[in-house]
Amino acid sequence: MARLRRQFEIRLAGGYGFDHLERAIRDICPLMSHPAGEPFSVDLSGLAYIGPTALSLLVGVIKEREEEGCDCLIAPPKSELTRNYLQRMDVTRHLFDGAIPESFERKAPVGFRPVQHFRDDTDYWVAAKELSQALYERFSPDEMTSAAIRVCLDELTENVVQHAYTELGGFAAAQSSTKRKTFEVAIVDLGVGVRESLQRNPEIGEIADDTKAIHRALMPRVTSTPERNSGIGLFVTRMLLQANGGQLLVRSGRGAVYHGAKKHEEVLEASFPGTIVAIRAHYDRPLDLDHVYSMLAPETSDDDD
Amino acid sequence: MTTISLAETCGPVISGRSRAREIREDVERRLDAGDDVVLDFGGIVTMSPSAGDEIFAKLQREHLSFANLSEGLQSLENFVVASRNSGA
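These protein sequence lines are chains A and B, in that order. Note that the first sequence covers residues 9 to 313 in this note's numbering. Note that the second sequence covers residues 27 to 114 in this note's numbering.
No lab work stands behind these hints: they were computed from the structure. Positions of the beta carbon are idealized from the N, C-alpha and C atoms, including for glycine. One or more of the hints may lead you astray.
[Said to hold, decoys possible] Residues of chain B clear of chain A, computed beta-carbon distances all greater than 12 angstroms: (1) MET27; (2) GLY37; (3) ILE40; (4) GLY42; (5) ARG55; (6) ARG56; (7) ASP61; (8) ALA83; (9) GLU88; (10) HIS89; (11) LEU90; (12) SER96; (13) GLU97; (14) SER101; (15) ASN104; (16) ALA108.
[What the hints assert, rightly or not] If you want the footprint, here are the derived chain B segments under chain A, 3+ residues with CB under 8 angstroms: (17) 43–54; (18) 68–78.
[What the hints assert, rightly or not] Partner residues aside, some chain A positions facing chain B, computed with beta carbon under 10 angstroms: (19) THR130; (20) SER148; (21) MET152; (22) ALA305.
This is chain A alone, in the form it adopts within the complex (with noise of 0.2 angstroms):
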């Protein structure tokens, strides 16, 4: 194995799971400020466990750095069950020019799909329907639940395209949990940010901070681009996971918002340039759309809180 050179390096050891994102940004978003053209290592030996948020997140900002000419050398997993899953995710696909280090080697896992990288209409709507497709390869949906997750997996990776402003696009990732019958999706961009995006539309005008925005954001008809999209596609996954007693997690800029079995705000210290939605699910109960629909009424805003 190469030996790592002195040279700037990011460590990521424990688990970064849903609860832990803030963390994840602490010790993986140091990199975002590393000199273009400058080499860095990840190392990821003392990692137990990553998430698909934490994941998007890791494989986004490395992409970043890749694509400013920075040279990548990453330490796998001293843990084999580790490694074993990150190359079940594919963690290395899209970087290392394609050319994937024999530690990081892919078998073909069932229920397993890539973190997936997509930059316009057509890969979005790819990612979309790989990451659609592993969850379904894991606990079976119903027609309706599967319905759903393909609308939610849609939305969300549409608003990385339609708003983020950013060419290096988006990241996104699913994961299920047999024991305790859920399901993640997380997607991440490092674009503008909630706020900025939705100050591109005159008429939203000035938003006080990173908080309010996301807020803005959930409310049914906000978008920074009105002519072109309805501004119902976050309002209508808020919903859905509110009936199912999911979890839905925005963090953009300084702000966080939570909805869900504990719904909380926070502003805080790191700044994170982009945007991240997560969100957490039971497979086991209802993610009914035709029921959220029938609660829109025309005159519909925010009367959930």
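Go by the hints and put chain B onto chain A.
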């Protein structure tokens, strides 16, 4: 009059704005050519909000009607049409 079975075109779920845009553009071509069009939603389990915006809200035309809309999709139709018409 032309009846288009959306389930035969798209499967049970209409999802993705780009896919719905293709449907809308096809319908617009037929309407512009003087045809009456019925979009049949029989067999459609659901659709995405973006697809609803493309097919219901952006496609408010005479000589176009919808058949076999579920209660939920009727509600979605009302919502997106009202949104677009109000300029919200």
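Cross-check of the supplied hints:
Every C-beta of chain A lies more than 12 angstroms from that of B:MET27, the closest at about 28 angstroms, which supports listing it as non-interface. At roughly 10 angstroms from the closest C-beta of chain A, the C-beta of B:GLY37 falls inside 12 angstroms, breaking its exclusion from the interface. Not every CB of chain A lies more than 12 angstroms from the CB of B:ILE40, the least distance being 9 angstroms, so the non-interface label is violated. At the 12 angstroms boundary, the C-beta of B:GLY42 falls inside the reach of chain A, the nearest C-beta of that chain being 5 angstroms off.
Against chain A, the non-interface label of B:ARG55 holds: every CB pair exceeds 12 angstroms, the least being about 20 angstroms. Remark: the non-interface label on B:ARG56 is consistent with the geometry, its nearest Cβ contact in chain A lying 23 angstroms away (cut-off 12 angstroms). With a least CB separation of 27 angstroms from chain A, B:ASP61 remains clear of the 12 angstroms interface cut-off, as annotated. B:ALA83, annotated as away from the interface, has a beta carbon of chain A within 12 angstroms; the closest lies near 7 angstroms.
Every Cβ of chain A is farther than 12 angstroms from the Cβ of B:GLU88; the closest lies at roughly 21 angstroms, confirming the non-interface assignment. The claim that B:HIS89 lies off the interface holds: its Cβ sits roughly 24 angstroms from the closest Cβ of chain A, which is beyond the 12 angstroms cut-off. With a least beta-carbon separation of about 19 angstroms from chain A, B:LEU90 lies farther than 12 angstroms from that chain, consistent with its non-interface assignment. Taking the minimum C-beta to C-beta distance to chain A, about 6 angstroms, the non-interface status of B:SER96 is violated against the 12 angstroms cut.
Not every Cβ of chain A is farther than 12 angstroms from the Cβ of B:GLU97; the closest lies at roughly 6 angstroms, contradicting the non-interface assignment. For B:SER101, the shortest C-beta to C-beta distance to chain A comes to about 5 angstroms, within the 12 angstroms cut-off, and the non-interface label is violated. With a closest Cβ-Cβ approach of about 5 angstroms to chain A, B:ASN104 is found to fall inside the 12 angstroms limit, against its non-interface label. Not every C-beta of chain A lies more than 12 angstroms from that of B:ALA108, the closest at about 3 angstroms, which undercuts listing it as non-interface.
Only residues whose beta carbon comes within less than 8 angstroms of a beta carbon in chain A count, and the segment 43–54 of chain B has 3; three or more means the coverage holds. Under the rule that three or more residues need a Cβ within less than 8 angstroms of chain A, the assignment of the segment 68–78 of chain B holds, with 7 such residues. Here the hint on A:THR130 is kept, as its CB sits about 8 angstroms from the closest CB of chain B, short of 10 angstroms. Against a cut-off of 10 angstroms between C-beta atoms, the interface hint on A:SER148 is violated, since the closest Cβ of chain B lies about 16 angstroms away.
Residue-level restraint check for A:MET152 holds (minimum Cβ-Cβ distance to chain B is 6 angstroms; threshold 10 angstroms). Residue-level restraint check for A:ALA305 holds (minimum Cβ-Cβ distance to chain B is 7 angstroms; threshold 10 angstroms).
When the structure is compared with the earlier hints, violations turn up for hints 2, 3, 4, 8, 12, 13, 14, 15, 16 and 20 and for no others.
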